[in-house]
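*Asks:* Protein chains in written order, with the numbering used here: chain H, 5 to 202; chain W, 5 to 202.
Only true hints are included.
Because identical chains share one entry, a pair is satisfied inside a single copy or across any pair of copies.
Taking lysine-lysine pairs in the DSSO-like style, the calculated list, with each CA pair at most 27 Å apart, reads:
| hint | residue 1 | residue 2 |
| --- | --- | --- |
| 1 | 61 | 74 |
| 2 | 46 | 27 |
| 3 | 199 | 99 |
| 4 | 199 | 100 |
| 5 | 199 | 74 |
Hints in this document: simulated from the structure, not taken from any laboratory.
So you can see what is in the structure, the chains are spelled out below.
Protein chains: 2
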Amino acid sequence: MGISAQQVKELRQATGLPMMECKKALEESKGDAEKAKEILRKRGLKVADKKAHRETKEGLVGSYIHHDGKTAVLCEVNCETDFVARNEDFQEFTKKLCMHIAFADPVCVRREQLDPELVAKEKAIAEEELKKVPEAKRAMAVEGKLAKGLYAKKVLMDQEFMHPTYEGKTVDEALRDLVAKLRENVTINRFCRMKIGE
Amino acid sequence: MGISAQQVKELRQATGLPMMECKKALEESKGDAEKAKEILRKRGLKVADKKAHRETKEGLVGSYIHHDGKTAVLCEVNCETDFVARNEDFQEFTKKLCMHIAFADPVCVRREQLDPELVAKEKAIAEEELKKVPEAKRAMAVEGKLAKGLYAKKVLMDQEFMHPTYEGKTVDEALRDLVAKLRENVTINRFCRMKIGE
Numbered sequence: 005m006g007i008s009a010q011q012v013k014e015l016r017q018a019t020g021l022p023m024m025e026c027k028k029a030l031e032e033s034k035g036d037a038e039k040a041k042e043i044l045r046k047r048g049l050k051v052a053d054k055k056a057h058r059e060t061k062e063g064l065v066g067s068y069i070h071h072d073g074k075t076a077v078l079c080e081v082n083c084e085t086d087f088v089a090r091n092e093d094f095q096e097f098t099k100k101l102c103m104h105i106a107f108a109d110p111v112c113v114r115r116e117q118l119d120p121e122l123v124a125k126e127k128a129i130a131e132e133e134l135k136k137v138p139e140a141k142r143a144m145a146v147e148g149k150l151a152k153g154l155y156a157k158k159v160l161m162d163q164e165f166m167h168p169t170y171e172g173k174t175v176d177e178a179l180r181d182l183v184a185k186l187r188e189n190v191t192i193n194r195f196c197r198m199k200i201g202e
Numbered sequence: 005m006g007i008s009a010q011q012v013k014e015l016r017q018a019t020g021l022p023m024m025e026c027k028k029a030l031e032e033s034k035g036d037a038e039k040a041k042e043i044l045r046k047r048g049l050k051v052a053d054k055k056a057h058r059e060t061k062e063g064l065v066g067s068y069i070h071h072d073g074k075t076a077v078l079c080e081v082n083c084e085t086d087f088v089a090r091n092e093d094f095q096e097f098t099k100k101l102c103m104h105i106a107f108a109d110p111v112c113v114r115r116e117q118l119d120p121e122l123v124a125k126e127k128a129i130a131e132e133e134l135k136k137v138p139e140a141k142r143a144m145a146v147e148g149k150l151a152k153g154l155y156a157k158k159v160l161m162d163q164e165f166m167h168p169t170y171e172g173k174t175v176d177e178a179l180r181d182l183v184a185k186l187r188e189n190v191t192i193n194r195f196c197r198m199k200i201g202e
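Could you put the whole structure together from the sequences, leaning on the hints where they help?
*Replies:* Given below as structure tokens:
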């Protein structure tokens with residue numbers, strides 16, 4: 005079936021991806037724009053997975069200083085090349101991530117950085133609450149409870165990105181989308197959040 | 005002896021201290037401006053010592069972001085009141101302190117925060133080098149060697165303030181001068197320095 009130039013253009017604007025990829029996705033979805041977006045998203049995640057082990061030595065230290073000077077955030081976001089570090093999408097992501105951190109107040113970047121004692125305590129609580137779940141499924145149910153509770157509250161990667169641009173996505177999902185778009189591995193190395201009186 | 009209004013004015017400009025204090029110091033030094041500065045400085049240190057135990061819950065998170073976005077610093081500087089947090093001298097100190105940290109790369113704010121193993125190692129080296137010093141004086145000599153070496157290199161408070169405004173002063177000395185001027189305790193709580201590629 006024929007895909008119009010207008011359709012391709014609209015999908016490009018929505019996703020920021022190259023023309024040929026948008027055209028192929030639309031052909032695959034038989035012209036359905038929403039399906040095409042889903043196809044591109046899945047393909048993007050594959051790209052992100054493939055890039056995930058590439059070394060990131062370049063990057064940017066993003067910052068957000070609240071206007072009253074009482075709250076401030078730095079976040080080191082790494083990429084493979086300085087070319088990407090100067091890319092507008094990369095810089096925007098970094099800036100918005102710092103704003104997110106200022107408001108959402110995570111304690112660490114990744115789950116494995118959480119205090120093991122805290123995780124053990126939360127796990128014990130979840131296991132108690134889910135003791136009626138058949139044993140074969142319990143571990144997964146407990147993990148699910150932690151994901152929605154502790155991790156979503158305290159772990160940057162698992163938090164919902166508090167910015168309209170990334171509505172409904174976690175930080176991890178927004179990061180994977182960025183990787184897919186930039187075609188380069190991007191990692192969040194560390195952040196620092198200071199607030200007077202905390 | 006008579007002190008002219010011009011002398012008082014000049015001393016005020018040099019020190020930023022109140023007129024009456026400048027006048028008194030000039031009377032005490034019999035009109036010698038340099039001696040008067042020294043008198044004010046010593047008085048200031050006494051003031052700083054008196055204020056040192058007052059609680060500091062207000063303050064500012066200072067920041068310095070290098071223009072290339074590859075180096076950034078936050079530093080939490082605390083004071084007693086929000087009035088002082090909005091004072092120009094306080095804000096200037098905070099800003100310049102962040103610039104200093106970006107360039108001088110300290111590892112901690114105070115000596116007691118240094119890695120104890122590192123301190124023990126440096127102490128052992130100094131003791132070996134100073135073994136000909138009489139035992140009664142050796143501990144002090146070792147401490148002096150550490151102060152000029154390890155502490156001056158790695159500890160923020162002991163570093164020479166890398167800014168023309170504070171030439172020849174350590175960060176600790178510049179901080180005490182600020183306390184004397186503001187008449188309020190000021191403390192450096194913590195800093196965070198990020199540099200891409202480090």
